[in-house]
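Spelled out from the first residue to the last, the chains are:
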Amino acid sequence: MSRPVGAALGRSGAVAVLVVAAAAFALPLVALLLFTFRVSGDPGALTLVHYAAIVDPAQEFAYDGLFRGLSNSLGICVVTVAIVLLVLVPTVLLVEMRYPAMRRVVEFVCLLPLTLPTVVLVVGFVPVYKVVSGAFGSAAWTLAFAIGVIVLPYAYRPIQANIAALDVVVLGEAARSLGAGAVPTVFRVILPNLRRGILSACLLTVAVVLGEFTIASFLSRTTFQTALFLLQQSDPYVAAIFSLAALVFVFVLLLVIGRLGSFRPSRRTS
Amino acid sequence: MNVPPPTAAPLTGPLIVTGTAVSLAGIHKSFGPHVALRGVSLDVRPGEFVALLGPSGCGKTTLLRALSGLDRIDAGTISIDGTDVSRVPVDKRDIGMVFQSYSLFPHLTAAQNVEFGLRMRKVDAARRAVRVQEALDMVGLGDRGGRYAHELSGGQQQRVALARALVTRPRVLLLDEPLSALDAKVRVKLREQIRRIQRDLGITTVFVTHDQEEALAVADRVAVMHDGVIEQIGTPEELYRRPVSPFVADFVGLSNVLEGVARGAEVEVCGRVLPVLGPPVEGDVSVYVRPEDVAFTLDSGGVDATVVASSFLGSLRRTSVRLADGTIVAVQHDASDRREPDEAVRLRFAGFPVVVRPR
Amino acid sequence: MTAASTRIATATPRSGVGLLRRRSLGWWGFSPFAVYVLLFLAIPTVYAVASGFFTAKGEFTLSNFSAFVSPFIVTTFVNSLWLSAVVAAISAVLGAIICVALAGMDPEGWVRSAADSACSALAQFGGIMLAFAFIALMGAQGVLTVWLKQSLGLDLNSLTPNGPLLYQVGGLVFPYVYFSVPLMVLTFLPALTGLQSQWAEAAATLGAPRRVYWTRIAAPLLAPAFGGSTILVFASAFSSFATAAALIDQGGIVPLAIKQQVTSETIPGLANTAGVLALGMVVVMAVVMTVYAVLDRRARRWRR
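In order, the protein sequence lines correspond to chains A, B and C.
Each residue of the first sequence is one higher than the last, beginning at 1 in the working numbering.
Each residue of the second sequence is one higher than the last, beginning at 1 in the working numbering.
Each residue of the third sequence is one higher than the last, beginning at 1 in the working numbering.
This list has only true hints and no planted wrong ones.
Chain B side only, calculated, beta carbon under 8 Å to chain C, not exhaustive: (1) S68; (2) L70; (3) V90; (4) D91; (5) M97; (6) F99; (7) Y102; (8) S103; (9) P106; (10) F116; (11) G117; (12) M120; (13) R121; (14) H150.
Only part of the chain A face toward chain C is listed, based on derived beta-carbon distances under 7 Å: (15) L18; (16) T91; (17) L121; (18) F145; (19) A146; (20) T214; (21) S243; (22) F251.
Hints are computed from structural coordinates only; laboratory data are not their basis.
Please read these numbers as outputs of a predicted model, since none were measured by experiment.
Where is the CB? At the ideal position from N, CA and C, for every residue including glycine.
Generate coordinates for the entire structure from the input sequences, incorporating the hints supplied.
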């Protein structure tokens with residue numbers, strides 16, 4: 001009786017369901033993998049020619065757009081992570097340490113992008129970016145500002161969960177009673193304890209940036225995803241290879257985030 | 001293992017006893033490699049309130065759940081009112097059970113929770129309403145029937161759980177640490193209320209707790225369990241005054257542990273001679289002496305000691321003293337008798353039989 | 001707690017960190033965040049929602065709303081709502097079954113944590129990469145298509161008159177369900193595992209057979225969480241853009257229609273149609289998320 005829910009299907013029934021589900025979800029990925037070995041026009045044959053094409057210098061021009069998109073996306077990653085570290089983290093710290101009443105406001109703002117469809121936001125980004133292009137130019141990295149907003153909910157949650165599991169006020173008071181000023185308290189006491197949350201936030205940011213298509217597409221900038229989209233029309237095989245690679249990469253990122261663990265509260269809040 | 005027969009303690013219950021007898025014989029239960037119950041036997045008389053007392057892992061909850069039917073047993077028989085119910089599933093055993101916490105159905109009001117068992121027994125709506133109100137009145141929540149669990153305090157929730165368990169007039173009432181999750185003051189009030197209701201209804205009750213003060217305060221008999229067996233069963237006084245084993249002596253109430261030398265039916269400790277409780281023993285032993293059996297004396301023949309610290313406990317004081325050989329002894333005495341640290345004192349023993357254990 | 005927290009930030013003169021010394025200055029700490037959110041969240045949102053009310057020349061008007069009478073726009077909205085509803089319904093059922101199966105597994109065991117990681121990854125796996133995978137599976141030359149043709153003689157892509165199945169709005173159901181089921185599992189499983197065993201045990205001691213427990217106790221308790229998760233899936237499917245963009249050329253669903261409007265004005269006489277469409281989406285999302293909030297609050301109250 002200790003697991004009343006599981007008894008509904010029976011042990012073998014549950015295992016059967018999970019096996020079927022796992023197979024069904026693996027199917028598209030397997031198809032994608034098989035696709036990368038296909039010879040166009042000959043469904044039965046297998047080849048490695050598409051993998052070779054990536055490193056073939058003669059083909060370099062064909063994949064130029066893709067590599068440019070990839071490096072653009074990495075640049076956007078850097079700027080977006082910078083936004084998370086320099087804007088979001090200090091704000092969350094400020095709330096937790098001085099203005100706890102603002103927590104609900106900040107939480108609402110940070111989670112709002114979850115309920116606002118990105119396609120709605122981009123309609124508003126178009127005019128805003130006319131101004132941004134005037135100020136910063138129209139390089140791809142400027143997309144980081146818009147993507148940062150999309151990233152907010154994903155970055156906010158691990159940081160907030162981490163900080164909630166500490167008792168920042170008590171830590172701060174302990175540090176002060178030992179003679180530390182505000183700055184050393186933050187940098188030597190609080191931030192080191194937030195490593196896991198901040199790292200999770202950054203990894204999630206990278207995952208989201210690499211997967212972002214909508215904003216780049218509407219604002220006509222070249223990123224990894226838009227380049228993949230274009231490439232698919234001329235060379236679907238290499239596009240498939242890079243898609244798989246990106247998927248594996250994001251999966252590994254998520255595994256690492258999972259390993260970082262969840263945050264248990266140090267004190268019961270009543 | 002055979003439990004020593006209970007002494008004939010008078011039952012101060014109601015004239016009409018409505019509970020039934022419960023009998024557990026030779027109960028074995030293992031969880032994988034861990035043996036939780038080793039051939040436990042227990043007889044509960046109709047209308048009796050028995051507490052199962054012990055530290056975590058001793059098997060008391062397992063025994064209760066076996067009795068309820070929630071857990072299956074590996075060997076042994078369970079009888080309620082003379083009928084073997086070992087194979088009967090839990091929903092047919094006609095028992096009432098109160099869990100430690102969170103057992104009220106959150107989507108139903110208190111009244112709806114209480115009437116649930118009546119619905120299962122197909123009692124008609126009019127009669128249900130009357131009995132539900134009766135049950136809620138009995139626990140003092142007659143006006144809270146419309147509240148949901150999250151609108152009630154912990155103590156109130158447990159009272160609703162009690163009403164829910166009792167409204168169907170089960171043959172046996174089982175309580176699995178119902179007070180452990182509550183505040184201290186609420187715990188004391190609620191245990192008295194449970195006892196009162198139990199007496200009024202005359203229902204046979206088995207109550208699991210790890211709090212020895214609680215067990216001694218409410219039960220007719222207490223069964224002290226340890227490592228899957230019942231070490232001793234008896235009235236609270238018996239357990240306290242005549243513990244049969246060092247575990248019981250140590251678990252029930254406070255004990256000082258002193259070094260002594262046993263010679264048959266007597267033991268020498270701190271130069272004094274005390275009678276031994278239980279069979280004769282020889283050799284070096286640990287001696288268990290209650291703090292209230294040690295007193296300060298002005299007699300020149302007293303044992304010399306120095307006061308270490310003294311705690312004021314309201315109605316009494318407990319002073320710890322150090323003997324010449326370094327042993328710390330706790331002395332329980334009148335609250336008005338103040339003792340200062342480093343004060344030199346002399347002790348004497350009351351002379352009651354003591355439990356000893358070979359070292 | 002406020003007094004305590006202001007105490008730590010108010011540094012003693014000795015430490016010399018002047019900025020945080022006076023309480024009024026501390027509020028300036030929010031300025032980077034406030035500016036950022038204002039520029040890139042507040043203004044775009046307001047613009048997107050309000051642009052439907054203005055003509056191309058900037059005059060206030062309601063004439064743009066006549067777009068909703070246009071059959072093309074109406075069909076687009078209906079398509080979006082239908083698609084999201086179908087995806088939500090299928091994902092809810094499949095997801096619930098998988099949740100029940102997972103709930104029976106050891107919470108500490110490898111199956112549960114593997115499923116947890118897989119669901120997190122798959123729920124993120126949207127966009128055009130997912131589209132590619134499905135093209136590889138079900139497209140004109142897809143692995144599954146070819147296999148079905150060869151072994152069962154069934155041509156998957158002849159089922160739809162306008163071209164391959166995957167490239168129709170209806171065909172979007174397949175990739176959408178693919179990322180929606182993990183989302184469903186991620187959000188519903190905690191509710192299922194949160195069913196306290198005490199409730200099942202108490203019901204049993206009160207005489208309820210299993211069937212009654214499930215219908216009278218478990219189902220009502222799980223209903224808000226189930227409804228909430230289903231609604232989340234609906235919202236996510238409704239908002240999804242990239243996968244559809246990779247599979248469908250023209251309009252069909254609202255996000256694609258918005259893209260069309262932003263990149264070219266194809267409906268003459270109606271400016272800012274994109275704004276109108278965006279407003280329509282916001283209204284739908286607002287309704288959906290309000291229902292979600294109500295259900296979530298109910299579910300939260302009963303969970304420990």
